[in-house]
Amino acid sequence: MGLITREKETAPCTVTISHRFEELSAHVRLNNGAVVNPGDTVEVQGPEIMAAYGEVVSEDRTAVITRASRLEQLWTRATGDLEFMELCEFSFSEEALQ
Amino acid sequence: MNAPTRDLAHSADAKTAEEGLAAENMSGPVDSKMATDVAMQNTLLTPRFYTTDFDELDAIDVSPVRAEWDQLIARMKADPNKGHFKKNADWDTVDWEGMDPKLRAEFIDFLISSCTAEFSGCVLYKEMKRRGKNEDVTGLFQLMARDEARHAGFINDALREAGIAVNLGFLTQAKKYTYFRPKFIYYATYLSEKIGYARYITIYRHLEAHPEKRFHPIFKWFREWCNDEFSHGEAFALLMRTDPKITQSWQNKLWIKFFLTAVFSTMWVRDHQRPAFHEALDVDPAWYGQEVFRKTSEISKQVFPLTLDIDNPRWRRGLDRLDRANREIAAAKRQGGVRGKLRQWAGSAKAGAAFLGLLSIPSQRNEVPDTSRLEPAY
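Chains as they are written, first to last, in full-length UniProt numbering: chain A, 1 to 98; chain B, 1 to 378.
This is chain B alone, in the form it adopts within the complex (with noise of 0.2 angstroms):
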């Protein structure tokens, strides 16, 4: 299909790279490097597509916890938000062109990463909401998908202002459908919408008091955007109340000490390969990490019977040592060929004890209490 080439103020508005080129702000001479850029700022997003027990999902009974429940959700259908994501003069321009490139790329990096998480929960939660049939579950389902729909929109369209356009070209590719048991999206959904709540709560905080180092806008809009995150992570908080066995069980509470090792330590490693944004925001990402571990042990004190011992000095050694096991690998993998396989095996072989040190640090108990109901606080 050939589209007749429309005049465009953006190249992130074009459909094709002839449309691309012919756009207001690729003016100037143009030639095969600045083509291929076209090409390649075109970002292909690629979410994952999931299947769980429906069967399980639909026989959710949420009875003991249904006066929390109804609340919730009519706050959630009030939908105290929708005004929150439009740009006003508060969106300040971006100079993109002046910004170092380094910080560029990882900010960049940070906008991809994002906007993918917030349109695969949306596919997930989707497809949850379409697949169930037990009316309380998919009602939630359905407004999850609308808040995260809404927040890759945004995101979206700061990655149109940096002149990179997301294709959604993953829609006519084969698509596998992997498995995921209900227990393991409530851990994994729970956590990730914790986590973001204390990540993004914590950034806005740091730079209210500097509003100096706020490089894009964006991050003025972090507290309602991470209010959404927080009442998700609500929702799943009661999900996982309906039965006590999710939680209580010992099988259950190994899975969960696990699940928090695991998505903290990612977390920690993943911040400590970004040190142009951290350092352009004036954040110590080793300080940052342990704030936000602080925060989200805090609040999923609401449902989980442990937290993770993040004040034992085995804790930071070990994420220190799972730190320079994954620059061993990266390094390892840059070099390539027989040694580079040798040495990343190797690195892997160090972030695994690293990993299994971090596990076998005692956790904390914790005595659940009967409402679990919390309001973002920090």
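Here chain A stands alone, though its shape is the one from the complex (with noise of 0.2 angstroms):
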């Protein structure tokens, strides 16, 4: 790892989504072990997946990972921690509504 500079790798993968009433949940998972680290950027290839209402689609892409430089990397996890409040559930958006 560079200490500036990006490197980029490929990563096949699968995207599960499951769009019922029961569940609503969509997930990548890279089968190749890859480990995705703090300010890595993560993208999966090819078109966008729909799943209609009512089911579950399961599509092999591929990924590519950006890997963050070693700067970025000391970055992301020094100030990772001040963006907490994005864990937070207030049911309401930040924006004032008009």
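Please note: incorrect hints may appear among the correct ones.
Said to hold, decoys possible - As a list, the in silico EDC-like pairs of lysine to aspartate or glutamate whose alpha-carbon atoms are at most 20 angstroms apart:
no., chain 1, residue 1, chain 2, residue 2
1, B, 175, A, 55
2, B, 257, A, 81
3, B, 220, B, 157
4, B, 213, B, 95
5, B, 176, A, 43
6, B, 176, B, 370
7, B, 341, A, 94
8, B, 350, A, 43
9, B, 253, B, 370
It is worth saying that the hints were derived from the structure and are not from the lab.
Take each chain as given, in its own frame, and dock them per the hints.
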């Protein structure tokens, strides 16, 4: 890993979407054991994946992982905590409605 | 990919704009405004993605709280709420058309925000389950992911009734992973689950006494829903009790005070931005806020070594100052331009000062009991 350079790699992945009454969820699993670290970016390739209501869809795709540089990783580790409010649920969005 | 147009009862089931327009609920003259509306009523869910120190999570040893832990996990596995999230005769028809547009906008914001929160919780818990190796911990996160996905599905259904479809397009967009230390996840999610319980149960009890104010059937499901939130909070309380340092060191006490103040004051400000919602329920947001803080404080005595002094006169004054500053910021954003920007900065400075004022109110010490297990009692 470079101090300021980013590297890209690809990983096979499976995207699973459940769009049902009893479960609404969506997950991306990297199938080669690649580990996502702070500051890394993951992008699943290909067209948008849709599941109609009532369906569970599972598709194998390729994901591009853009590795954060060493500096970026340190920065994300140091500052990520400050975004903790995103973990909290407040029932309403931040913006005032007009 | 061009999917053939199917016959649909509702545009919320549509995969494409064409299908949406062809759906039964869209019969009647279609103009370009309606076509835009169909496209716009596709709400993009935007969950965030996090990573944490998975080695630290794996190192958790639940032995000090083993008996309580096993009991809680067994109950969650038994899944007493499984049959609850079903629509039955209690789900009466909603008059979306007749709803005051302001109330409708605020209520839909409520549904979308709640759905996103449940969905994000599910993503986070599932990720923790997948990356962890400690079976106690991964087992817990699996169960919590199950509940959150179930809640998200239930709210999604209510949204679909209002003609709004969630869009999961984020899956194929670039996602940046941010980082939280495990203890920040404990504090934030513990508080989030417990305050969620207090928020839902307070509304539920209010509507029990005033059923005529219940403008949507989803409120009838709040009690069982919040019991799930309650038990998730119990699990995080136990996780924090596995290591006394997490709550007892002086730095961490400061963090806890900071989290409590930040979460309570954010809730206050956001609720006050939704007057139509609270008016329709006939709930005074100030009364509601203090009531929720009181319940959350009482519950959090199970694990936090301090509570906020919410009866201190400075508390309410500080919240009001924060609320005013927030309104100024919103007005300045609408104004735009250089003057707007300057007003926005001035508002932010006032909000920061108000928050520091709240933070400087001395907290009340709490002796944490030997066992933490609580039952939902409100």
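Hints, one by one, checked against the model:
no.	hint	verdict
1	B:175 to A:55	24 angstroms, violated
2	B:257 to A:81	15 angstroms, holds
3	B:220 to B:157	15 angstroms, holds
4	B:213 to B:95	14 angstroms, holds
5	B:176 to A:43	9 angstroms, holds
6	B:176 to B:370	41 angstroms, violated
7	B:341 to A:94	18 angstroms, holds
8	B:350 to A:43	40 angstroms, violated
9	B:253 to B:370	18 angstroms, holds
Taken one by one, the earlier hints fail for this structure at numbers 1, 6, 8, listed in ascending order.
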